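Chains as they are written, first to last, in this note's numbering: chain Z, 18 to 339; chain C, -5 to 281.
Some hints could be false.
Below, in silico cross-link-like pairs of lysine-lysine (BS3-like), each with a Cα-Cα straight-line distance of 30 Å or less [stated by the list, open to error]:
# : chain 1 : residue 1 : chain 2 : residue 2
1 : C       : 156       : Z       : 133
2 : Z       : 229       : Z       : 133
3 : Z       : 182       : Z       : 103
4 : C       : 122       : Z       : 214
5 : C       : 272       : Z       : 229
6 : Z       : 214       : Z       : 229
7 : Z       : 214       : Z       : 133
Hints in this document: simulated from the structure, not taken from any laboratory. Small disclaimer: the values here were computed from a predicted structure and weren't measured.
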Amino acid sequence: MSTLTDDTIPVTPRAMRDEMIVFAVMALLLAIVPFSGIYPFFVMQALCFALLACAFNLLIGYGGLLSFGHAMFLGTAGYVSAHALKVWALPPELGIVVGTAAAALLGLVTGYISIKRQGIYFSMITLALSQLLYFIYLQAPFTHGEDGIQGIPQGHLFGILDLSKPTVLYYVVMVGFLAGFLLIYRTINSPFGEVLKSIRENEQRAISLGYKTDQYKLLAFILSGTIAGFAGSLKVFVAQNASLTDVHWSMSGEIVLMTLVGGLGTIFGPVVGAFVIIAMQQYLAGFGQWVTVIQGVIFVACVLLFRRGLVGELAHFLRRSL
Amino acid sequence: MQALYAQLLVGLINGSFYALLSLGLAVIFGMLNIINFAHGALYMMGAFVAYFLLNLGGINYWWALIIAPVVVGVFGMILERTMLQWLAGLDHLYGLLLTFGIALIVQGVFQNYFGSSGLPYSIPDQLKGGMNLGFMFLPIYRGWVVIFSLVVCIATWFLIEKTQLGAYLRAATENPTLVRAFGINVPRMITLTYGLGVGLAALAGVLSAPINQVRPLMGADLIIVVFAVVVIGGMGSIMGSIITGFALGVIEGLTKYFYPEASNTVVFVLMVLVLLVKPTGLTGRAA
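All chains should be modelled from the sequences, with the hints used to inform the complete structure.
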């Protein structure tokens, strides 16, 4: 059985150095966006999705677990943060904390249920659980059903940073993204990450070596869900609404697509994929349902023709770890 | 009591669709090791083929029951030959991703031309009306759907468990290399299996057309429920899929009567309970 990422380049000082260089370039590029004339709203949105895709990639790329329900973390954190900000009038930092904590709790519960089965069943269970949540949010009064929670106050972060100013908000989102990204990067290269990779390669063997693989998988699931939730909480400040779209299965599909396009199991792939897909949606917004068709075609093309994704192909070509 | 029986009947009908769809998923998974995410989209195509036959060609429901599964089955076989077969030997997850992409394409194309609203498909004359059973009023078409689905399910079970062809199929599921060594064309069998599974989905689509209207997204939400049904029942046994499908439909119907707020979540909640109590599924082997 060929695994999802069969040509992972081993972690060497050189690989680490390459990755740090690319990270520095990425951070620099992001830092100059407000001066470049690029619409900051677009980049902020893409950054939220990039972090979401990175969190998803932590599970699939390093744990071999394909979650088809990651929209539930995005949506749950979004709703909880939005409710906390608007109804409880909490300050932004607490709004983010509450939303992220809700996603962590959701990760604990849904992770405990879904890791009971492997492979394809895991995917189906996560999809079903997110659909369950979708129907709950559809009926729960606090989400306002089809209307969603609108007009969320942005407020002052830590009492000083005015988030209603686009540039301030941009840098807050950017710092949030970079922090989340580094946390994932650190996790992948930790002993915990190594055990996770061994579970992906051969779970039976990891068990026979004495690792309690269920605990590792659960922890990875909670971590992934928490970071995805953090991205969802940040997105509330960007979009200023929380709606059912964020919990719908098609959103979970988009997260999968972003990661697949960028490269499953690559470090920077999900970021590239998120920018590609968000940009595509912006430019093709006038084409209606053809966007769905194009997304489908990209899925098919990625699976059949370049399974390594954009970044994966580049890394393979350069023989570097990216 | 009337309302209870009516909801039970709706439950049985939904159960028929769950059974037909999860049966097809199980058969396909056995041979191709692929979870066919496009199953809901192909179910929808079945309904649309029936709609086209009636409105463009004037071909009635009875012919549609035969033609639609064949057309969609052939379409499925083309998909298998041109795309799915290249995934052999890769991780199962790629099959899920590829068929998800196919579902997006098919649904997107239909949505583009037909929007999201439903197109009416009238009940054939022979099945119009209803009869009074004493304790309830039974619309004949609804009774027909339940009985016909049950017959098709049992015929499929018979084909796979009791015939020579089915024996080859089961053998190829266990060990394709050995079966090929006996001179049986396994790749062709795989293609036909996919066609059969997809054809069952299209058949369910035709059956549902007069009840649920013909909509581009009619299969999109259904397939997720069917996935939950498959998780509950496991894909190891054909009869298991059939029984689980009907049983869950009935439970859903009962929920609609006793606690309507939970009717669209009850299958998922049951899935969670089953996973907590018996993680391998009710009939499934460990996967």
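Here is what the structure says about each hint:
no. : hint              : result
1   : 156(C) <-> 133(Z) : violated (33 Å)
2   : 229(Z) <-> 133(Z) : holds (13 Å)
3   : 182(Z) <-> 103(Z) : holds (18 Å)
4   : 122(C) <-> 214(Z) : violated (60 Å)
5   : 272(C) <-> 229(Z) : holds (20 Å)
6   : 214(Z) <-> 229(Z) : holds (14 Å)
7   : 214(Z) <-> 133(Z) : holds (19 Å)
Of the numbered hints listed earlier, those contradicted by the structure are 1, 4.
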